[in-house]
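Number of protein chains: 2
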Amino acid sequence: MANCIGKVFPNELFDFCKTVFEKTGVPKHDAEIVSEHLVRANLRGVDSHGVFVRLHHYVSAIKQGIINPRPNIKFVKDTSGACLIDGDNGLGPVVAMKATELAIKKARSNGVCVVGVKNTGHVGMLARYTLKAVEEKMIGFAATSSPPIVVPWGGAKPVFGTNPFSIGFPVDENFSIIVDMATSTVAAGKIAVYASKGEKIPPDWALDKNGKPTTDPKAFLDGGMLLPFGGYKGYSLCLSVEVLAGILVGAPFSHHIPRGWATQGGFVVEAVNIEHFRPYGEYRKDMLELIEIIKSAPLAEGFKEILLPGEPEHREYLKRLQDGIPVYEDVWENIKKVAEEYNVSPPKLY
Amino acid sequence: MANCIGKVFPNELFDFCKTVFEKTGVPKHDAEIVSEHLVRANLRGVDSHGVFVRLHHYVSAIKQGIINPRPNIKFVKDTSGACLIDGDNGLGPVVAMKATELAIKKARSNGVCVVGVKNTGHVGMLARYTLKAVEEKMIGFAATSSPPIVVPWGGAKPVFGTNPFSIGFPVDENFSIIVDMATSTVAAGKIAVYASKGEKIPPDWALDKNGKPTTDPKAFLDGGMLLPFGGYKGYSLCLSVEVLAGILVGAPFSHHIPRGWATQGGFVVEAVNIEHFRPYGEYRKDMLELIEIIKSAPLAEGFKEILLPGEPEHREYLKRLQDGIPVYEDVWENIKKVAEEYNVSPPKLY
Numbered sequence: 243m244a245n246c247i248g249k250v251f252p253n254e255l256f257d258f259c260k261t262v263f264e265k266t267g268v269p270k271h272d273a274e275i276v277s278e279h280l281v282r283a284n285l286r287g288v289d290s291h292g293v294f295v296r297l298h299h300y301v302s303a304i305k306q307g308i309i310n311p312r313p314n315i316k317f318v319k320d321t322s323g324a325c326l327i328d329g330d331n332g333l334g335p336v337v338a339m340k341a342t343e344l345a346i347k348k349a350r351s352n353g354v355c356v357v358g359v360k361n362t363g364h365v366g367m368l369a370r371y372t373l374k375a376v377e378e379k380m381i382g383f384a385a386t387s388s389p390p391i392v393v394p395w396g397g398a399k400p401v402f403g404t405n406p407f408s409i410g411f412p413v414d415e416n417f418s419i420i421v422d423m424a425t426s427t428v429a430a431g432k433i434a435v436y437a438s439k440g441e442k443i444p445p446d447w448a449l450d451k452n453g454k455p456t457t458d459p460k461a462f463l464d465g466g467m468l469l470p471f472g473g474y475k476g477y478s479l480c481l482s483v484e485v486l487a488g489i490l491v492g493a494p495f496s497h498h499i500p501r502g503w504a505t506q507g508g509f510v511v512e513a514v515n516i517e518h519f520r521p522y523g524e525y526r527k528d529m530l531e532l533i534e535i536i537k538s539a540p541l542a543e544g545f546k547e548i549l550l551p552g553e554p555e556h557r558e559y560l561k562r563l564q565d566g567i568p569v570y571e572d573v574w575e576n577i578k579k580v581a582e583e584y585n586v587s588p589p590k591l592y
Numbered sequence: 243m244a245n246c247i248g249k250v251f252p253n254e255l256f257d258f259c260k261t262v263f264e265k266t267g268v269p270k271h272d273a274e275i276v277s278e279h280l281v282r283a284n285l286r287g288v289d290s291h292g293v294f295v296r297l298h299h300y301v302s303a304i305k306q307g308i309i310n311p312r313p314n315i316k317f318v319k320d321t322s323g324a325c326l327i328d329g330d331n332g333l334g335p336v337v338a339m340k341a342t343e344l345a346i347k348k349a350r351s352n353g354v355c356v357v358g359v360k361n362t363g364h365v366g367m368l369a370r371y372t373l374k375a376v377e378e379k380m381i382g383f384a385a386t387s388s389p390p391i392v393v394p395w396g397g398a399k400p401v402f403g404t405n406p407f408s409i410g411f412p413v414d415e416n417f418s419i420i421v422d423m424a425t426s427t428v429a430a431g432k433i434a435v436y437a438s439k440g441e442k443i444p445p446d447w448a449l450d451k452n453g454k455p456t457t458d459p460k461a462f463l464d465g466g467m468l469l470p471f472g473g474y475k476g477y478s479l480c481l482s483v484e485v486l487a488g489i490l491v492g493a494p495f496s497h498h499i500p501r502g503w504a505t506q507g508g509f510v511v512e513a514v515n516i517e518h519f520r521p522y523g524e525y526r527k528d529m530l531e532l533i534e535i536i537k538s539a540p541l542a543e544g545f546k547e548i549l550l551p552g553e554p555e556h557r558e559y560l561k562r563l564q565d566g567i568p569v570y571e572d573v574w575e576n577i578k579k580v581a582e583e584y585n586v587s588p589p590k591l592y
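Heads up: the protein sequence lines correspond to chains R and E, in order. So for the first sequence, our numbering puts the first residue at 243; every next one is plus one. So for the second sequence, our numbering puts the first residue at 243; every next one is plus one.
Keep in mind that the hints are not guaranteed to be accurate.
Note: identical chains are not told apart, hence a pair may lie in one copy or across any two.
As the list claims (entries may be wrong) - As a list, the in silico EDC-like pairs of lysine to aspartate or glutamate whose alpha-carbon atoms are at most 16 Å apart:
hint : residue 1 : residue 2
1    : K379      : E343
2    : K399      : E543
3    : K451      : E543
4    : K454      : E543
5    : K399      : E547
6    : K579      : D446
7    : K265      : E583
8    : K439      : E278
What the hints contain is simulated information worked out from the structure, not anything from laboratory work. On a predicted model such as this, the values are computed, not experimentally measured, just so you know.
Work out the full structure, taking the sequences as your base and the hints as a guide.
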């Protein structure tokens, strides 16, 4: 594990990202959307989708022509409840946020709207889209497909991506329930951390290259594959995301998805307008009661607290908003290189 | 385990159920719907939701006034994409099928439709509703909430039901992918089977009454509780179903849900019209390719075949359709009692 070499303030990190994106040819408004997305991921503690890990990949993909900095985002289908967007290979956070805003707008009058997206870059942290829906007092659902690394249950060849999905339930202005999970047991990056520490991984995480369950993280990294979470049930969900975010929307699926840090299969987002079912105040009252029932349950052996989905990330968000975002030595190199290449001062370390 | 004492033919079992329901005051059309539902569950091998386990509970609930045999099913909200039905405490399979048909009808023009249901009896096997959607070449989603028996992750008090959901993806006329799963590790009934055999249960299935993980099925049956499947990820899904099928639709939730074999919390069903996203033929071609990719993967250690979600149930369906439905000694008593009470000849045993 790398050393923490200081902290950056989120507004300074945002300004840095925004300037870099604008220098790559991304319009100001889009540069703001993608920069806010990356900084928000860091604030929530989801560093794997934050500035230090993704920025240099995103800008390098623009430079290589894989990502289009000025996409012509087209509405291929536009009915009241179901829409399809062609993202013209734009930056994922820009394309997917446009899809989310469309779903919310249509759900306001129609009650429900599903928007599919094809030809999009890496959409980042799915919670960003369900957070947007809950801000509008709607239930949000988002899912995305990615290159194969997860086996079907009983198989020994990667067929699915880690295929994450997110569900957001609004509660109040301060906190909402945000589910955001991969349908694999873990991300590959987490296993790399075990390998670097020389620790064993649990037996239900991965197979080696021969399809044999392994507790050796290096056996996974050497051509191994991930297992879906929760056995055949997680496999069903992994497969469902592959269809919803990929095949339904006409995006590439399984091994047709190009590999890369800035690419994605497809994306799907849904907004459900609570007011079309019952008054929001009644819904909210019941949600607060359910949360109270959950929180007041006695603890199981070995636990100190019962957390709601999204609560750890929200706590980290509040903490980092005040204290700043920690910076680690290894990923700081990525920032310095980008800063030098685009002649932008890196954010100040405190 | 009870002895198998013979088999019944599905059409004869259907006729028996239908006659019994009509004698309890259920109109002919509704009696046909609920009978077909129960027999279909037996055909798919889902005996826990079939005739022998549920019929006597359903008719007894009608007799006790818990279930209304002639409900006045009302459309509380009826917009194009979001609808709400008050089931007037009718038989669940009747109310939920009406909701499903409404979702499909609206999705035909609107692309997508979500229908919520409150005041409904036990809706039975969720796969029945997603099977209906896939027959219409639509993607179906259904979920239902039930009385508390599952703990929140880290808690030692039942807060959620086994909260199952189903997702159906059409493939072709012979077979579609049907996910149908509880969000608990297992059903309580399965642990009772372990207890009767004197076998231990896996350590991640249940807690004893003190909130301690147990491998003793009797410790679960003595005031214990179920764990969500797949740890905190399954907990997030269990909670999501509690909100979608309960709080969103204004149905009772958690400990407010009445206990019983014929009752339920709430129900939610969604239909997504594939044609609103892309031509069905293109979708189907990609689905067949994905299935080929899954099926042709090399096998992991210890597996003989890679199955698709719903494939075991579909195989059982084809087998039982031809060979008949096996009958076990213990549950046959339920049928004999109902036959006697309503003066209807029980189906013939072969």
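Taking the numbered hints from earlier one at a time, note which ones the structure violates and give those numbers from smallest to largest. 6, 8
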